[in-house]
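Asks: Each chain, written out:
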Amino acid sequence: MSPELRSAAERAERCRRGRIVLIDDDVEILAAITSLLEFEGYACDSFSSALDYLRQLEVPRRSPPGPSCVLLDVMMPDLDGLEAQRRLADLDDTPVLLMSGASGAREAVTAFRAGALDFLIKPIEAETLLAAVERALLASRDRQHLRVKAQSLTRRLAALTPREHDVAIRVAHGKLNRVIGEELGLALRTVKLYRQRCLEKLEARNTADLIRILQEEEL
Amino acid sequence: MTGQESGISYLSLGLINLLLPLLIWVVLARLRSRVVALWCLGSLLGAGSLFLVGRPGVLPGRIFDSASNLMDFMSMLCIIQALRLDQKVPWRFRWLAVASLGYLLLYEFTRQAQGYLTLRMALVPFVALILLLQVVGWAWLIARRQQSVSALAIAGAHLLLAGNMVYILANLLLPRSGALACTRQSSGLMDMLGLLAALAGDVGFIGLALERSLHQWQEAAAGEARLEERQILGNQLAHLDRQRGFGLVAASLAHELNQPLTAILASAQAAQRGTAANRLNPAQSLELLDKIIINVRRLSMITGRIRSFIRPAEPHLGPVDLEQITREMLEMVAPDLQRQDVRVAFAAGGELVQVQGDAIQLSQVVLNVLRNAIEAVQLVPERSLQIQLTRSADEAVLSIRDSGPGLDPEVAERAGMPYFTTKADGLGLGLSISTAILQQHKGSLVLRNAEGGGASVDIRLPLLGAGGVLP
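Which chain is which? The protein sequence lines are A and B, in order.
If you read the first sequence in the working numbering, its first letter stands for residue 1, the second for the next number, and so on.
If you read the second sequence in the working numbering, its first letter stands for residue 220, the second for the next number, and so on.
Don't read these hints as lab results, they were simulated from the structure.
Some clues are possibly wrong.
As the list claims (entries may be wrong) - Simulated DEER-style distance windows between Cβ atoms:
no.	chain 1	residue 1	chain 2	residue 2	range
1	A	151	B	522	50 to 58 Å
2	B	496	A	211	46 to 54 Å
3	A	49	B	522	26 to 34 Å
Quick reminder that beta carbons are idealized off the backbone N, C-alpha and C, glycines included.
Please model the complete structure; the sequences and the hints are all you need to start from.
Replies: So, in C-alpha cells, the structure goes:
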C-alpha cells in the first residue's frame with residue numbers, strides 16, 4: 001500500500017470514528033487540541049478563522065463517511081463564534097460545541113438558544129472535551145441516521161401511485177378495507193391489492209409496520 | 220546740670236545710638252535688606268545729631284544747629300521709611316529729599332526772620348512729634364498685622380518720645396512763665412527717654428526682623444512639606460490610575476492568559492493520555508513538550524508585562540525610548556483593538572527618540588490616551604488610529620489621532636480638568652493625571668480636533684539632553 005493510500009485509509013478510519021472541525025484564532029491552541037484529538041483516534045480539521053471554514057464549505061467536497069462536529073472558539077477577530085454558529089446552523093445540522101475563555105452567561109445562553117450542544121470554558125480538561133466531543137458525535141450519528149432514513153422513506157413514498165397513496169393514508173388512519181373501498185369507490189379486492197403493493201413498496205413487514213412508517217412521515 | 224555734663228550725656232547717648240545700629244547690622248547679618256539698612260542709617264543719623272549736640276565746638280555755630288536738626292529730621296524719616304518699606308508702601312526717595320530740603324529751608328527761615336521766636340522754638344518739637352506719631356502708627360500697624368510684640372515695643376518707645384514732645388510743646392505754647400526753664404529741667408528726663416526709645420526701638424527692630432525670619436522659615440518649611448506631600452499624593456494617584464487602567468485591560472488580559480493556558484493543558488493531557496495508552500512515540504512526545512514550553516514562555520511574557528506595569532508608586536528616572544513604550548502599550552491594548560476591529564497605523568521616523576523620565580508613568584500616559592482613542596472610535600463604523608512619532612531640535616511629539624466623532628468645544632475646553640468625564644464609568648482622572656505626569660516631565664498634552672475629523676492628542680516632551688528635567 002502506498003503512503004498516500006495508507007494515509008487515506010487511516011483518514012477514512014479516523015473519520016468513521018468521528019471528524020472534528022476545530023476553529024480558533026490561536027494557532028497554538030489549534031495544534032494542541034488537534035494533537036489531543038488525534039491521539040484519541042479522531043480526524044481533526046483545523047481552521048484559524050470561521051470565515052475560512054465557511055468559504056471551504058461553499059465548495060462541495062465529499063469527506064469519508066462518519067459523524068462530525070464543529071468545535072468553535074467564541075472570541076475571534078473577524079467573525080466571532082456566536083455569529084459563525086448562526087451561519088453554520090443555516091447551512092446544515094452538524095452539532096456545534098462552543099468554547100471560550102472569559103464568557104459571561106449571556107454568551108452561553110445565546111449559544112444554547114442557537115442550538116449549541118455544549119459550552120466549554122477554557123482551559124478545557126481533556127476528559128470534559130472528549131466527553132463533549134463524544135456526545136456531539138453521537139448526536140451527529142443520530143442526525144445522519146435519521147436523515148438517511150427520512151431520505152429512503154421519501155424515496156419509497158415517491159414510488160407509490162396516487163391511488164396507492166390514497167389507500168396508504170387511509171390504512172394509516174386505521175380504516176377498514178370496506179370503508180376505504182366505499183370512500184374511494186373501489187372494489188374490496190382492488191383495495192386489498194393496493195394495500196399489498198403499499199406494503200411491498202414501503203418495505204413494511206405488516207400493516208402495523210406500515211402504520212408506523214407513515215406516522216413517522218406525519219401523513 | 221552743667222553744659223559739660225549735658226555734653227557728656229549727649230555723647231554717651233550718641234555712642235549708644237551709634238553702637239545699636241552696628242549691633243543690628245551684625246546680629247541681622249543674614250537678614251540684611253533695604254529695610255534693615257534704612258533703619259540702621261536712621262539710627263546712625265540720630266547718633267550723628269547727638270554727637271553734634273554733645274560737641275558744640277566741632278562745627279561753627281551757624282551750621283551746627285541746622286546740621287543737627289536736619290540729621291534728626293532725616294533720621295526720623297529713615298526710620299519711618301524703613302517701617303513703610305517693610306509694609307511695602309514706601310515713600311518715593313526723591314520726596315524724602317525734597318521734604319528734608321523743605322524742612323531745612325523752613326528752619327533757616329525761622330532763624331533769619333525776627334519775631335518768630337515761639338514758632339522757631341516750636342517748629343523742631345512739632346515736626347518731631349508728627350514724625351514720631353508716624354513711627355508709632357506704622358509700628359502699631361505692624362504689631363496688629365503680625366501679632367508682633369517687638370513692633371509693639373517700638374511703638375511704645377516712640378509713643379513715650381511723642382509724649383515728651385507734647386510736654387515740650389505745651390510748655391512752649393501755653394502762656395506760662397519760665398517755659399524755657401521747664402524745658403531745661405526736663406532735659407534729664409529727655410535724655411532718659413531718648414535712651415529708652417533708642418534701646419527699645421532698636422531691640423524691638425531686631426526682634427521684629429528675627430520674628431519675621433522665623434515666620435518665613437516656618438512658611439518655607441510648610442511649603443516644602445506641602446510640595447512634597449503633593450508629589451507623593453500625585454505619585455499615589457498616578458499609581459491608582461495605573462491600577463485602574465490595568466483593571467480595564469484585565470478582561471482582555473484574562474483572555475490572553477487563557478489562550479496559552481488552554482494550549483498547555485491540552486498538550487500536557489494529550490501527552491499524558493498518549494503515554495498512558497502507549498500510543499506516543501518519542502518524536503511526538505518531544506513535539507508536545509515543545510508546545511508546552513513555547514506556551515509557558517508566552518505566559519511569562521504576559522505576566523512580565525503586567526508586573527512591569529503594576530509597580531511601586533515612586534518614579535524611576537532614566538532614558539525612555541518613546542517608540543518602544545508606544546509599541547508596548549499598543550501590544551497591551553491589542554486584544555481590544557482586535558475585538559473592536561480598529562486599524563492602527565504607527566509611523567515612527569526610524570531614529571531613536573529618547574526622553575528623560577519614568578518609563579512606567581510615561582507608558583501610563585500613552586495607555587490612557589490610547590484607551591480614550593479606542594473608546595472614541597467605538598462610536599463610528601470606520602475605526603482607525605493614526606499614531607505618529609516625530610522629533611524636532613529639542614522636542615519629541617507623539618501624536619495620536621482617532622477617527623472618532625471628535626470633541627465638543629465645551630468638552631475640549633474642560634477635558635484634562637480633574638474629575639471631568641464624559642464617560643459613565645470614568646473617574647475623570649485619566650487625562651488630568653496624564654497632564655500632571657507630563658508637566659512633571661516638563662512636557663505637555665495638547666488635545667484638539669484634527670483637521671478632517673476625529674480628535675488628536677499631542678504628547679510633547681523635551682528630548683533627552685535638551686533640558687528634559689526630572690520630576
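Asks: When the structure is checked against the list of hints, which entries are broken? Sort them ascending.
Replies: none
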